[in-house]
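Assemble the dimeric complex from its two separately framed chains, guided by the hints.
Read top to bottom, the protein sequences are chains A and B.
Heads up: the first sequence begins at 1 in the working numbering, then just goes up one per residue.
Heads up: the second sequence begins at 1 in the working numbering, then just goes up one per residue.
Hints listed in this document are in silico derivations from the structure and should not be mistaken for laboratory results.
Errors might be hidden in some of the hints.
Unchecked claim - Covered stretches of chain B (in silico footprint by chain A; criterion: 3 or more residues with CB under 8 Å from a CB of chain A, positions within the stretch not fixed):
| no. | segment |
| --- | --- |
| 1 | 196-205 |
| 2 | 296-303 |
As the list claims (entries may be wrong) - Listing some non-contacts, in silico: residues in chain A with all C-beta distances to chain B over 10 Å:
| no. | residue |
| --- | --- |
| 3 | Thr2 |
| 4 | Leu27 |
| 5 | Thr38 |
| 6 | Ile40 |
| 7 | Ile41 |
| 8 | Val45 |
| 9 | Ile46 |
| 10 | Asp47 |
| 11 | Ile60 |
| 12 | Leu62 |
| 13 | Gly64 |
| 14 | Val71 |
These numbers were taken from a predicted model, which means no experiment stands behind them.
Glycine included, every Cβ here is placed at the ideal spot set by N, Cα and C.
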Amino acid sequence: MTNKILTFIKIIRAASGQPLSKRQLGLLLVIVGVVGFTGIIGIDVIDVGREGGIGPAQQIALGGMILLALVGLTLIPLGDTPA
Amino acid sequence: MAERTYPTTLARPALSLLTLNRLLLAAAFVILGSLFVVYVIYAANLIQFPFDYDQGEGFELVDTIMFSQGQWPYQDTNTFPFYSSNYPPLFHVIAAPFAAVFGPAYWYGRLLGFLGTLVTASAIGLAVYRDGGHRGIAVLSGLAFLASNTIYHIGPLFRQHMTMVMFETLAVVILCHVNTLDDPRRRRRLLLTGLALIMAAGYTKQLAIGTAVAAFVYLFIGQPRRAILWGLGFAAVGIGIFLWIDVSTNGQWWLQTIAANVNDYYPDQTFGLFRLWFGLHGFLLIPAALYALYELYFDRLSIYTIWFVAAVGISLLSGKWGAGDSYFATSIAAMSILSGLFAARTLNRGWRFPENYISRVFRPLRAVGPAVAAAGLVIVPLLYIGYGRAVWHMPTDGPIFGPLAQILNIEANALNGFYDSAGRVAGGYADIGHLTTPTDSANGWQIVERVRAADGLVLSEEAAFNLLAGKPVITNPTQLLNLANNGQFDSSGLIAMIEAQEFSLIIMRAQFYPVDVLQAIARAYEQVETIPMNGFAYLLLQPRS
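Just chain B, same shape as in the assembly (with noise of 0.2 Å):
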């Protein structure tokens, strides 16, 4: 028997429709931009900004000198200088040339994080063109994904999240047609790329661990069998570079990256940062969720279906402490792919609904289906219209930004002028996106000099202005946290050095330190100055007489 469908092919709609639909889609190309204006902005402030911007960038400054040095970041904490890193090495050793070459400096690893959000949008965009057929909505569905607060916070950190998110793209993207491909030599070929990106984004933050599970779990679908041969072949591969590093690091490498990660959890954390997610990405969110409903039920599931669903799941550890808002990256470059499809289906007039049980239940609704096809030619536009000033975010001062804060009648509600829609971060403790200031820079410098002129060691909570001052980087407070939370840390190698006075000074910013040393600070030194950077008082300690 044929298959019954109820296709929503219609006649032309009225060219004033048509009219309405193009102004309103390029009102959205203004909003989006204009928002992709203020990223570029923000990213070339950030690469000027020789200081640590968010918390710890500076240990992943130190991580990518230690590779450029040919050295692992992963030692042991409990011998001097107590330091260790709880990340996956590759967007490090990518950076690591730079190193080489420029010495320590951030402006390279945040070029590389910015470079890649573009990367990212890119493939978004090129997801939804060769799948959706729109160029317009193509373009937007890459420009929605940068215009997101969480993406424009983290895309220029000297961080590696980002470049994992960029990895997990490419990957999905390669691999979204495998299933179906007749051609076994191609699929073979696209199989390991892809895969090999999966493994590059696993290898980046661990994290990415969501978009193995669906990659295969779309394989499977596909065909199990292949699922499973390549699925044995993925698994021996990682557990070979896994082992290789956990060997050459004497057991380091699995202690502080995979024992050290297991961290409180804080349910609140998780509900308010899903909350706020919900908040900015709604528009965006309730139209990529359709978009999977519809391929669960009416067409194949394709991969970024699994993908939305994994990466969402995967916000669920977002109530970790030490996660935040960037946990939903991933979830925003899936929603933007698949909001972009149910955008371009809409406006392409493309929704087929095969007779099954659910489309009997809706039949007596195709009377209206005209009507609903008419309304998508305007709702669609408006979702990114709503979109962007959801996420909305920019400086509320300077020749161009001030008259339009002035006109939108937008207050600055973060640090140094700046208004963004998100607020503080709920339950996260990052405080980003605004933009550094030339007194910020100053400060910054003014610290490294304190550091200078101190006479020995200096203890300091950023790794920068050791790195500026030409002295050793000691400690990576919040890895020696992680540690000590999960009793894998002995601090009285630390300890006995703090009590003797060792350190000529101390640097303080978040005081990440476990409970014990912060204590330890606090009996043998005292504070003597206060110097504000970037929105934070840093604390500077002398030893008490």
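Just chain A, same shape as in the assembly (with noise of 0.2 Å):
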């Protein structure tokens, strides 16, 4: 388990010394879509108290989320071309 960790650890180091793909960039931007979308639609399940649903400036995140996530699914198929 720990030559695992170790391991993986490594290929973290190495990675991070090199610049980002285009496929690494768009799933990047896959993740923070909808880690966000999910963050902020999480906003009015956790705080139960605020009033009024999804305000416009959580609209307007949430579009952004989605067009993060979106641009994000057309980079992944370029490849390994840098970023």
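Here you go:
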């Protein structure tokens, strides 16, 4: 188990010294978009005392997160080209 | 396998087309050059005007004076003189030596703002020339920035916004190629300089956070480890400065610049300002967006593209109470660079489309490549001509501008005989861009005389009258309103003074005080005189008998 963790850390360390590829950037954007979208929606779930449902600023932010994820999806097929 | 590309390198275009290109570029120079002349006239006019031109300038002057006296402007607003500032310090610190030498005056702050825009325009030109290789387009890009109605409006004001944009632009121009540099010493030097400039931008105005994010995203794409390490150092320095100021001001720094800035958000104001932004700048926004998409799918992302996206994103904050078209200034700087790179690449026939799933979709269009490239020679200068027409603004009277306005069939739509294609800024409260007149100055001095004649304290909604009359400045109305809206202002001390009629004169303009303060004023004071200045009615109130 320890060896596996050390190998993983080595891979991350090596990868973090390289430029991102279009595919990696795409994946990152998809992750940020999905996590961001969930987080923004989550505000209303966690903070039940809020009134008025999803507010206008939240709607803009949700739109931004969807756009981010969609752009990310279009980058994934571009493969190892430097981002 | 070798990478297949689809270059647009073509045979030399016909001489007639090149001549037409040069003629149209010359026309674009004339239009944007004329707007630069108008900008210089406007700046010269404002630099000589001794009073507030844009609401709140005077309080930036007060901040500057306080720094020149070694005081923080982040003070407790619940006690006399109920004054504080909600802006970071750097712009005022830069202007402070002028205040120490020349005393309270607007000219040096406005001159610094104006010079800052010239530095920004030069940096934009340099960026386009360095990466685009077309001198004419580089000059047009710098002029396009200065020609924007937004930049024109706020450039020569005693405000910190354009100094922030200057630091931001210098930072991205310096950081531009840092990801691909082989020399580690040079890279470190550029990183240090670029990040220091971003820090300077952030301590000039909080909105620079967007540029900081853009810079670190760019660094992260180039090498995540380096971005994280430098990011940690950057955060440590930024937080260290923040804590130092907060401790030095007994927590007022956090309260006044962060907590008080959480204002109501009006989406309609954002949408209105975005429509205005696109309507005025669309001719260059579209090529800028196309260039950003090109980098995203066919080239490496530059810091300019990431900066453009971040700057447009930060413009969404323009819906906050108190925000306005100035929130788009950074995006206009980024637009000027990207559209310049688009134009230069088109004129230099430098487009390359590496093989990928998108270029395969457009493969059938390769046949029209030569025609598109030839059309580019005409379309590029037309974009700048169209942009110049869209952002056009000028005085409509006087020996030169009067006849020119008649030839162009332009009528004044703003104060004091001025035409501005932006009209009244949508959703915002700013009504600026026109020139001031000798009558405005004379009326301002009339108000100063009233303040001098008043026996005792004067509560003025603008600081200039008190400063020029040698009386203490009391309150910063918009900051009191910011605090009151966030439940952070105890108005009892100020209201008690108003009810006791401790002010012998009150001067109102926009009535930006918190509601309970305005109600107290209405109960204890009555209007005795109205003096117009710069398109606004200044109400002079004295204690009710």
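Violated hints, by number in ascending order, as checked against the structure:
1, 11, 13, 14
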